[in-house]
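There are 2 protein chains.
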Amino acid sequence: MLKINDNYLKLPGSYLFSTIAKKVQAFTEANPDKKIIRLGIGDVTQPLSPAIITALHGAVDDMSKAETFHGYAPDLGYSFLREAIASNDYAARGCDIAADEIFISDGAKSDSGNIGDIFSVDNKIAVCDPVYPVYVDTNAMAGRTGDYLADQQKWSNVIYMPCTSETNFAPELPKETPDIIYLCFPNNPTGSTITKPELQKWVDYANEKEAVIIYDAAYEAYISEENVPHSIYECDGAKTCAIELRSFSKNAGFTGVRLGFTVIPKALKREGTTLHSLWARRHGTKFNGAPYIVQRAGEAVYSEAGKEQTKQLIAYYMNNAKVILEGLKEAGYTVSGGVNAPYIWLKTPDKMTSWEFFDNLLEKANVVGTPGSGFGPSGEGYFRLTAFGSYENTIAAVERIKKM
Amino acid sequence: MLKINDNYLKLPGSYLFSTIAKKVQAFTEANPDKKIIRLGIGDVTQPLSPAIITALHGAVDDMSKAETFHGYAPDLGYSFLREAIASNDYAARGCDIAADEIFISDGAKSDSGNIGDIFSVDNKIAVCDPVYPVYVDTNAMAGRTGDYLADQQKWSNVIYMPCTSETNFAPELPKETPDIIYLCFPNNPTGSTITKPELQKWVDYANEKEAVIIYDAAYEAYISEENVPHSIYECDGAKTCAIELRSFSKNAGFTGVRLGFTVIPKALKREGTTLHSLWARRHGTKFNGAPYIVQRAGEAVYSEAGKEQTKQLIAYYMNNAKVILEGLKEAGYTVSGGVNAPYIWLKTPDKMTSWEFFDNLLEKANVVGTPGSGFGPSGEGYFRLTAFGSYENTIAAVERIKKM
Numbered sequence: 009m010l011k012i013n014d015n016y017l018k019l020p021g022s023y024l025f026s027t028i029a030k031k032v033q034a035f036t037e038a039n040p041d042k043k044i045i046r047l048g049i050g051d052v053t054q055p056l057s058p059a060i061i062t063a064l065h066g067a068v069d070d071m072s073k074a075e076t077f078h079g080y081a082p083d084l085g086y087s088f089l090r091e092a093i094a095s096n097d098y099a100a101r102g103c104d105i106a107a108d109e110i111f112i113s114d115g116a117k118s119d120s121g122n123i124g125d126i127f128s129v130d131n132k133i134a135v136c137d138p139v140y141p142v143y144v145d146t147n148a149m150a151g152r153t154g155d156y157l158a159d160q161q162k163w164s165n166v167i168y169m170p171c172t173s174e175t176n177f178a179p180e181l182p183k184e185t186p187d188i189i190y191l192c193f194p195n196n197p198t199g200s201t202i203t204k205p206e207l208q209k210w211v212d213y214a215n216e217k218e219a220v221i222i223y224d225a226a227y228e229a230y231i232s233e234e235n236v237p238h239s240i241y242e243c244d245g246a247k248t249c250a251i252e253l254r255s256f257s258k259n260a261g262f263t264g265v266r267l268g269f270t271v272i273p274k275a276l277k278r279e280g281t282t283l284h285s286l287w288a289r290r291h292g293t294k295f296n297g298a299p300y301i302v303q304r305a306g307e308a309v310y311s312e313a314g315k316e317q318t319k320q321l322i323a324y325y326m327n328n329a330k331v332i333l334e335g336l337k338e339a340g341y342t343v344s345g346g347v348n349a350p351y352i353w354l355k356t357p358d359k360m361t362s363w364e365f366f367d368n369l370l371e372k373a374n375v376v377g378t379p380g381s382g383f384g385p386s387g388e389g390y391f392r393l394t395a396f397g398s399y400e401n402t403i404a405a406v407e408r409i410k411k412m
Numbered sequence: 009m010l011k012i013n014d015n016y017l018k019l020p021g022s023y024l025f026s027t028i029a030k031k032v033q034a035f036t037e038a039n040p041d042k043k044i045i046r047l048g049i050g051d052v053t054q055p056l057s058p059a060i061i062t063a064l065h066g067a068v069d070d071m072s073k074a075e076t077f078h079g080y081a082p083d084l085g086y087s088f089l090r091e092a093i094a095s096n097d098y099a100a101r102g103c104d105i106a107a108d109e110i111f112i113s114d115g116a117k118s119d120s121g122n123i124g125d126i127f128s129v130d131n132k133i134a135v136c137d138p139v140y141p142v143y144v145d146t147n148a149m150a151g152r153t154g155d156y157l158a159d160q161q162k163w164s165n166v167i168y169m170p171c172t173s174e175t176n177f178a179p180e181l182p183k184e185t186p187d188i189i190y191l192c193f194p195n196n197p198t199g200s201t202i203t204k205p206e207l208q209k210w211v212d213y214a215n216e217k218e219a220v221i222i223y224d225a226a227y228e229a230y231i232s233e234e235n236v237p238h239s240i241y242e243c244d245g246a247k248t249c250a251i252e253l254r255s256f257s258k259n260a261g262f263t264g265v266r267l268g269f270t271v272i273p274k275a276l277k278r279e280g281t282t283l284h285s286l287w288a289r290r291h292g293t294k295f296n297g298a299p300y301i302v303q304r305a306g307e308a309v310y311s312e313a314g315k316e317q318t319k320q321l322i323a324y325y326m327n328n329a330k331v332i333l334e335g336l337k338e339a340g341y342t343v344s345g346g347v348n349a350p351y352i353w354l355k356t357p358d359k360m361t362s363w364e365f366f367d368n369l370l371e372k373a374n375v376v377g378t379p380g381s382g383f384g385p386s387g388e389g390y391f392r393l394t395a396f397g398s399y400e401n402t403i404a405a406v407e408r409i410k411k412m
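Chains as they are written, first to last, in our numbering: chain U, 9 to 412; chain E, 9 to 412.
It is worth saying that the hints were derived from the structure and are not from the lab.
For each residue, glycine too, the CB sits at the ideal point set by N, CA and C.
Treat each hint with caution, since some may be false.
[Said to hold, decoys possible] Straight-line Cα separation of at most 30 Å, BS3-like style, residue types lysine-lysine; simulated pairs:
no., chain 1, residue 1, chain 2, residue 2
1, U, K31, U, K18
2, E, K11, U, K209
3, U, K132, U, K18
4, U, K294, E, K217
5, E, K31, U, K277
6, U, K31, E, K73
7, U, K277, E, K294
8, U, K319, U, K330
9, U, K294, E, K294
10, E, K294, U, K18
11, U, K162, E, K277
12, U, K372, U, K355
13, U, K217, E, K11
14, U, K11, E, K132
15, U, K11, E, K217
16, E, K11, U, K132
17, U, K294, E, K31
18, E, K274, U, K30
19, E, K330, U, K73
20, U, K30, E, K294
21, U, K315, E, K73
22, U, K330, U, K355
23, U, K319, U, K337
24, U, K294, E, K162
25, U, K217, E, K294
26, U, K204, E, K11
27, U, K73, E, K42
28, U, K18, E, K11
29, U, K330, E, K73
30, E, K30, U, K294
31, E, K18, U, K11
32, U, K11, E, K294
[Claimed, not checked] Residues from chain U shown here face chain E by an in silico Cβ test under 8 Å; the list is partial:
no., residue
33, I61
34, V68
35, S72
36, K73
37, H78
38, G79
39, S118
40, N122
Generate coordinates for the entire structure from the input sequences, incorporating the hints supplied.
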């Protein structure tokens, strides 16, 4: 008789953004005349840049002729894209990452969930609290997190590293030693960052403990300040302890195009085995490559025109971030983030819970945000707004919030 | 200290097609003047059909304008594609499958590997022997297959169902009861099929044992004979025991486009839980949808023009299959498959092993095929050729083989 993976049954409720979608749908059905503005899920709204559109059309044309048709892609990605990444994202920042240490995928969400496949179930994870839910949920599915303690909104076998106003929204080295450490900077959901010396401490710690850091740098393109590292490989020794996840979703607007990559340096070994070889095996066995046309689009992000247009796109969203940040400050909210990240993290007013504020914002301002508590217990009393809306909607949302 | 998933270390050698690629590369480097013809890996060679190219360009244009831009896709796929599949692949064949029982993905390889996530490690799998290696390797990675017995080329905890000339290349009901049964018809690698009454026996057996059948129908578009089922849901009771995997790779040439889907009927429950809900949770947590432009391309496969052009594409490859089948018969080979499938399965001559024949064919005819033993111990002494080459190359390859 087939036995299911009963770790799935331990998962509380449904995935955060599904819950939000259902609440919004119910509100819309009850109030069909209200115009909702969505500053909740981190989905972009602006079209793909011209250089990318041109590359996509060109690649589609390649697929229309036998001479230039592309079947199965190389398992780990096309060289043209891996070389462009190695050169632009790493060599240009002084990081020594080879093209064959870069694995092209269909996005950082898949990678951040699938990376756990190459680790034993018997590892203890440490996560920031609040945290992007995918890290925890996918480990729960694998049976790595113990039991869910509903009263604490925590898993029994996870090390939580609180990131609150008291810690400047950065984690502190945990007392209990973890095996796998998830770090995300610029941070989703708080929009916070840490400096290179601060990140170096984590690298040194992971090397000392023989832990592995999963470093999610999906938002690195939004960094505007000098002292914030773009890659963990800017730190000495990171190649022996860190895996870096990157995405094209947030810099180039690929949320619906699907492209990302994971870097595993060949120097990263545990129990005598290179993690690179394990991930290569997983990629080759359970994945068949990102689409050719999408990889060509990714290459175009690194063209001169693509770089310039991507910069403009990011400036557009970061202007929205400024509008939200300043507008909320004027309205008397306590806010952070929004300087090196497209996320604004605000303290809910009047001691409202995160979900109370969600309902309040939806009903009074018809604005959708994300409850901080959905990202972990230390997110309770906080709320996330994103800068990914259109400029017009962002202005309108802030005006509505001011009037609440 | 991080502990790796040491199940990976049990995997013998590298993935079959990587090994072949390395052998061919070595031969090409040593013999740069030889023109290799590849009839090995099941990769298509013909360009995408005009209706699909038009749809891709249209979808790319959608992504260039804010009003028609598409960000994150619905987790489980766009309705326009799920509805087209439900109508054309199921309702049209008398199968009662709802659109929301269809999960859109980036391909059947990913799905056939990832589906194991929703099952307990404590399940015993049964596979045909020979078999598509992904089923076994992904279960080995999950720790479900026991130890690899190199002398037998088998895993200690897998039920192998030999499919040889003695069984007409079809499996027989196993003596030991499995929990998960992998079936693939039309079969990769043998090209064999079974009739609807024969498949009904498997459905009845799975329901009786409360097992689950993973039915890989990636090659259904190649069925030319009347009595061969296109979907397992043509059988009574399949909705309570079967998951069906489908691909756009082999009908519409999407190997480099990446699109597939998995059907999990809501009636399929084990241990009181619908497998549909588990897979929906996995999809929502570890996957972010197939690209919008690719899903539009999938929709175009079901347009009137798309259906007609897809039929022509399949006819093109099936003509190749006929050329290979008849050519090899003339040359005195014992061959099967190639009638309802793009694969021709031949018995190696002169008691050569599969790899000996591989080397022989590469050296003497400069043709690349796939050693049957790469698909399992009962594949030893057999060899797979595919019909996915160009017509000209297929003719040339058969001529060369005749002269060997």
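- Item | Which numbered hints fail | none
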